[in-house]
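Undergrad: One line per chain: the protein sequences are A and B, in this order.
The C-terminal position of the first sequence is numbered 482 in our numbering, with every residue numbered one higher than the one before it.
The C-terminal position of the second sequence is numbered 405 in our numbering, with every residue numbered one higher than the one before it.
No lab work stands behind these hints: they were computed from the structure.
Fair warning: there could be bad hints in the mix.
Said to hold, decoys possible - Computed far set for chain A versus chain B, every beta-carbon distance over 12 Å: (1) I145; (2) Q285; (3) G347; (4) L355; (5) V373; (6) D405; (7) Q455; (8) T462; (9) L465; (10) Y467.
Unchecked claim - Derived DSBU-like pairs (lysine-lysine); straight-line CA-CA distance at most 30 Å: (11) K197/A x K186/A; (12) K476/A x K158/A; (13) K353/A x K365/A; (14) K304/B x K217/A; (15) K182/A x K312/B; (16) K217/A x K311/B; (17) K217/A x K182/A; (18) K311/B x K182/A; (19) K217/A x K312/B; (20) K304/B x K306/A.
Using N, Cα and C, we set each Cβ at its ideal position, and we do this for glycine too.
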Amino acid sequence: MSGILDGIRVVDLTMWFQGPVAAQHLADLGAEVIHFESTKGGDLARGVRSIRALPVGDWNQYFLVINRNKKSMAVDLNKPEGREIMHELVETSDVFLTNLSAKALEKWECDYATLSAKNPRLVYAMGSGYGPFGRVTKPSFDLTVQALIGIMSRLGEPGQPPIYLGMGSGDAMGGMMAAFGIMLALYARQASGVGQFLDASLYGAQLFMAAPTLQAYLATGEPRYLKQQARRAAQNALWNRYQASDKWLVVCAHDEGDAFARFCGAIGANALVKDLRFASADARRKNAQALTVVLDEVFAKRSAADWTSALRAKGIAASPIGNLADLAGDPQAWANRYFMTTHCDEVDREVTIRGMPVTFEKTPGEVQSLGPVLGQDTEIILTETLGYTWDDVSALKAAGAIL
Amino acid sequence: MSGALDDVLVLDVTETFWGSLAAALLGDFGASVVKLESTDTTTRELVDVDDRSAPGAWNSRFDLANRNKRSMALDMSSEAGRSIAHELVSAADVLITDKPAPWLSENGLDYDQSRVSNVSIIYVRGSGFGPEGPDAALSALDELAAARTGMMPILPQPGEPPVYPGHGQMYTSVMLAFGAVAALMHRRATGEGQRVDASLLAGNMYGASLDLQAFLAIGGERFLKATSRLDAGNPMSGTNYPTSDGLWVTLTMPETDRWWPQLAEITGMNAADSRFATHDLRCGEGRLVLMEILDLAFRKHPAAHWKKIFDERQMSADIIETYDFPRNDGMARDNRYILDLEDPSLGKTSMLGFPIFMAETPAVLSHTAPRLGQHTFEVLTDILGYAADEIVALAQQKVIA
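Pulled out of the complex, with its shape left as it was, chain B reads as follows (with noise of 0.2 Å):
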């Protein structure tokens, strides 16, 4: 079985997490990735973005960000290396960057600038604000994004700190790979490259679809100002109840009259009550006191033991989870959303898998992140047909590393 990506070449110029985790998903596919790094070593620094000196923290996010890819390093400063990486842009049918315009202007490698080596170039970029308007230029920062969306307010509880939730660049990291992939159809059609784009703000909006669109066509503040959780629209939808070991339940079952008997029954409940007797009464009239009766009804046992029951009577529902779920879940191994490794130096360890499953075309972990110019070698002879002794030369000059 061969990839779905086996015959693209991408050159990865990458510096962030979810930029350098789009190319990735690329590599992941079949992509031949190669990865354009600094001879000097500042663009590792991917722990912690707000906590560089945190003890103990290992750079795992650096080796799932840029596993399946080759490491090429360049010294772009020069005037060999950044003829080096026009050749490189020659030879990919995709270059994929995060990096603010005034570098990629400054090393030649600006949309305008790749183009003259190569014309049909799929030109992939992800930025903080989009290409146009006035705050184009902002740091991609996943926080400035997420502050500018409107959700971090009505996350919480009323009169919490607004909340940063991490998600918002994740949208974009996929939707840079669709992208990607969405301009090599084209090109295959038509043989026309183009420049694709997708910004942190286009990734957290997106996340926000639902509740972006509802304060679009509804207005009003109920989607300003963060609203209490025991006052949801439909108690049995979208709602949380604590549980006797401090963990919590979720429920969704929008539909109430197909769940209602068992949900009653379960929380001993008479289903017959007539103040809940309709789905309009549950969601209307009746909705605060059944909100109440909920909460003081899921108090009375462990989660273990609604959760036994939801999966019993196949209900709608489930325990709110930490991570140590996933850590643990066999399911996650199954389906390989999650791969458990063993590292030469840091031995047993686990890594996010793979998203989406391709019976034909899977996606295949080839190796894990390469080390900084571990590649170059080979790049140069495999992909530009360089000769050893010209290697030898750069090398000498430190042109390449």
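Isolated chain A, as found in the complex (with noise of 0.2 Å):
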């Protein structure tokens, strides 16, 4: 079968996550990805077990999967020999990506105006911190754009601290937002003929991340939108998080036309439905905290699927809240692709690994191989890409040029 972007090639000069995984959603789409790295380690992800800075198994799989289906050049940039394979390596390809900083760039001569004038069809995508026309320019991370952005100082309890919405959830937000510019600058060429700059940054993608309730507050400046809320302060109590006798559940209705019956019947607490302080819509508004503490002692009394079910056969939406184990076994995610087996060389054994994000009916994508070896392509790119004799590049590594 073959992939939307075969024959499209992409220089991937990232590291870390927001840069990377962009890139992967295109190797994912079939094309051929060039994590371009130095000579010294490569991208720092590959030393996330001695950073320690995100646990890591037996395999490593934060770069493992970040990079998969892509192949890796070792080249140093320092040296001129390194730059000039950059460049004619940038004169081939269709896409350069990148989320060093200026400055980096600027030296290593891979910034736009070098590059867009070496080939003018040239997509040149950047994954920055705060944006092109940015002020700030100490390095960014996924927790110090997101720690801006207001949407971890709104969640949890009153007087909990922020909460960080999971390890690179801006990243994986950046990383689809430059994948989508991206692609829009590729069909774009189509119909130009020419390539062009583009910008997806963590911050503007973080704030999109943050659409559902930071555009309630832009609008209306309303404080419920930026200080955190109790779960028993809930305007509706049929649409809130509660504790069974197991686990949580969230339950979701909207409190309109019969919907309170079926949910008290549900529930096996009919009482409720003549209790004077919810006997209408608008009495229950106003009394939803007291409905939430009744609600508690009801919802303790058995399990988070009893009653999910329960809800689910009165028709309303009902779910218990899961840990990562109980998704880890999830028949739905499993039987749409969301996850994945394949072989990791490092470990020699099947692996489970995060899957196709989306579903394409007729070109489907796949996982061909998990990160490459730092440099394992060097030679071969140099040799049938871009036409250099085994003299060359005995000569290249003689000079440290490459790996």
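Combine the two chains into a complex, taking the hints into account.
TA: In structure tokens, the structure reads:
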């Protein structure tokens, strides 16, 4: 089966997560992605185990999954020969992607002006920290940018510490945005014949990630979008989280029509319908906290799975709140290829990896390999793609320009 | 300058915030987006999903998710209405929808029926849980998908209720838009249309990529239960510490050797302290002690003090802000991440802008969200070639509004 991006070559001068994952989406759809790395250890993400920035298993799941389906070239861009290789490669490529600092890119002659002059058809994609018109120049990471958005401060119970949305949550958004931007630029290029510069910054992506509540706050300035809200202060008790006898569950019902009666029927609390405090939607909104307290007592009596089936039987949306182990065994995720298995050379066994986030009927994409060994493709790309001789390769090695 | 998707006609059959926003992203980059709506107004109830009766809640999210679109109002319960919908399917390049499967088949807008009108249609569907599997028919509610993703119990501190973060649906929005353009690339090369799916479960899972992949590789209890903020693997990375004025600082300094001398200096520690002399000590033996010391040190000064130091020294750290930061941030305006608008009825207001800067094909706000049926006449005339008297007749039969 052919991939959507067959024949598209991407030079991936990125590290950590935001940049590499953008290129991974393109590689999954068939692009030839060359992860361009330093000769001294390569992408820092190869070293997460010793850096202890993130937990790593007996295989480096962090680097290997983000860089699946890619090739690796190890080249020293501090050397003129290394920069020459980069420039020649860019001349034959469709996309250049980076999340490195402007300073490094200039030093290595990988800035937009230099590369677009070498190849006017080049799509030059940047995953910056704060945007092309930002004034902030300090290093940007997922969490230090997520901190600025405001979303962390509004989650959790009042008085609790701010809540991080998960490791790399903002990088993941930045990566998907950059992949979307690159796809737009490639589509535009089919008509115009020329490439362009684009930037999908961490800051822009994370503002967008907060859209459901940030947009409401931008428009209304209402403090309830700004501050932590107690679970029991929700204005509709039928749309909330409750602790069942084993785990928590979430229930989602608009309080309209006969929803409250059905809700009470489902949980065997018909007496509540006659309770004057809860006699109308208006009354229930005024007494939402009292209703939540009553429902807390009811839900504590049976399991989350029991309540979920009882509520669903009455047409009310509900779900147990699972953990990552529940997800790892969820047949729904497996049926849709959101999980896949593949062989991992590092430990020589099948491993489970996150799969394809978007399902394409005719061009589904696939995982052919996990992340490459540092520099594994340097020589073959030099000789086959760029026409270097083996003598050239030896000279480059001797000069330390390649690994 | 023109848009990247100038030649693309999108038929938008969406009702949710995240689904509508996916179509708006295509419109932002030049696609012509026709929002197909029912002649009654029930499709417009996007205010606060959990509380439709909230006082003062104006539908700004609808405005965001439906900008740059034209609204076409049809009575889909009539034969004539469904027939016009199919003419639109024939004309469209992309159909994007987040409606439940039964609604789509009843109204002749499922994939198979759409292909009858347009064999090369790109049919983009957002669902709750994906096209396959036992729960393919469950409601497309972000809360349900987040509950299945496994992150809610581990976001808060130990003993606290699980947290619903609400951002999972936003990955799904971008994935739908990405999928649509990828399929357009394929169609331009091969002439072949196809079905593209992205679900809220997929979006939530993708957003949780690193925690999830770490659990898959390592397993164990540590990813299943909330851990205390003072029990981080690296005291200097991914950690938050309180300030004297009740705000928080956050540090991301994974390679601690690079940052340790500066961090020690600004927090009044001795960089040569033998307990923390090496990276391994800071992240190993000395880890919990170092966290306690940092926790006390940052409490000695207000957030503004720390922010100034982080900026001056270009350190990889910041203050955890509220939504007031982007609301007042000039940099967000300079990058057009937030737009300031003058609304005829609301006065000055702000709206999220464009997360991607494209130099040659920039995103454009051509117009704000349309009134229901605002462009019915225009769409029937310009796209489907109806004559004025035919349109009047349809209006009289209440097929359109």
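Undergrad: Next step is simple, just say for each hint if it's right about the structure.
TA: Verification of the supplied hints:
1. I145: Incorrect as stated: the minimum Cβ-Cβ distance to chain B is 8 Å, not above 12 Å.
2. Q285: violated, 9 Å
3. G347: At about 22 Å from chain B, G347/A clears the 12 Å cut-off, so the statement holds.
4. L355: holds, 19 Å
5. V373: holds, 17 Å
6. D405: violated, 6 Å
7. Q455: Answer for Q455/A: holds, closest chain B Cβ roughly 22 Å.
8. T462: holds, 29 Å
9. L465: Answer for L465/A: holds, closest chain B Cβ roughly 26 Å.
10. Y467: Y467/A is indeed farther than 12 Å from all Cβ atoms of chain B, at 31 Å.
11. K197/A x K186/A: holds, 17 Å
12. K476/A x K158/A: With Cα atoms ~12 Å apart, K476/A and K158/A stay inside 30 Å; holds.
13. K353/A x K365/A: The hint holds at about 16 Å.
14. K304/B x K217/A: With a Cα-Cα distance of about 24 Å, the restraint between K304/B and K217/A holds, given a limit of 30 Å.
15. K182/A x K312/B: With a Cα-Cα distance of about 23 Å, the restraint between K182/A and K312/B holds, given a limit of 30 Å.
16. K217/A x K311/B: Measuring from Cα to Cα gives roughly 12 Å; hence the hint holds.
17. K217/A x K182/A: Distance of about 11 Å is within 30 Å: holds.
18. K311/B x K182/A: holds, 23 Å
19. K217/A x K312/B: Holds, because 12 Å separates the two Cα atoms, which is no more than 30 Å.
20. K304/B x K306/A: holds, 24 Å
Hint compliance for this structure: hints 1, 2, 6 are not met, and every other hint is.
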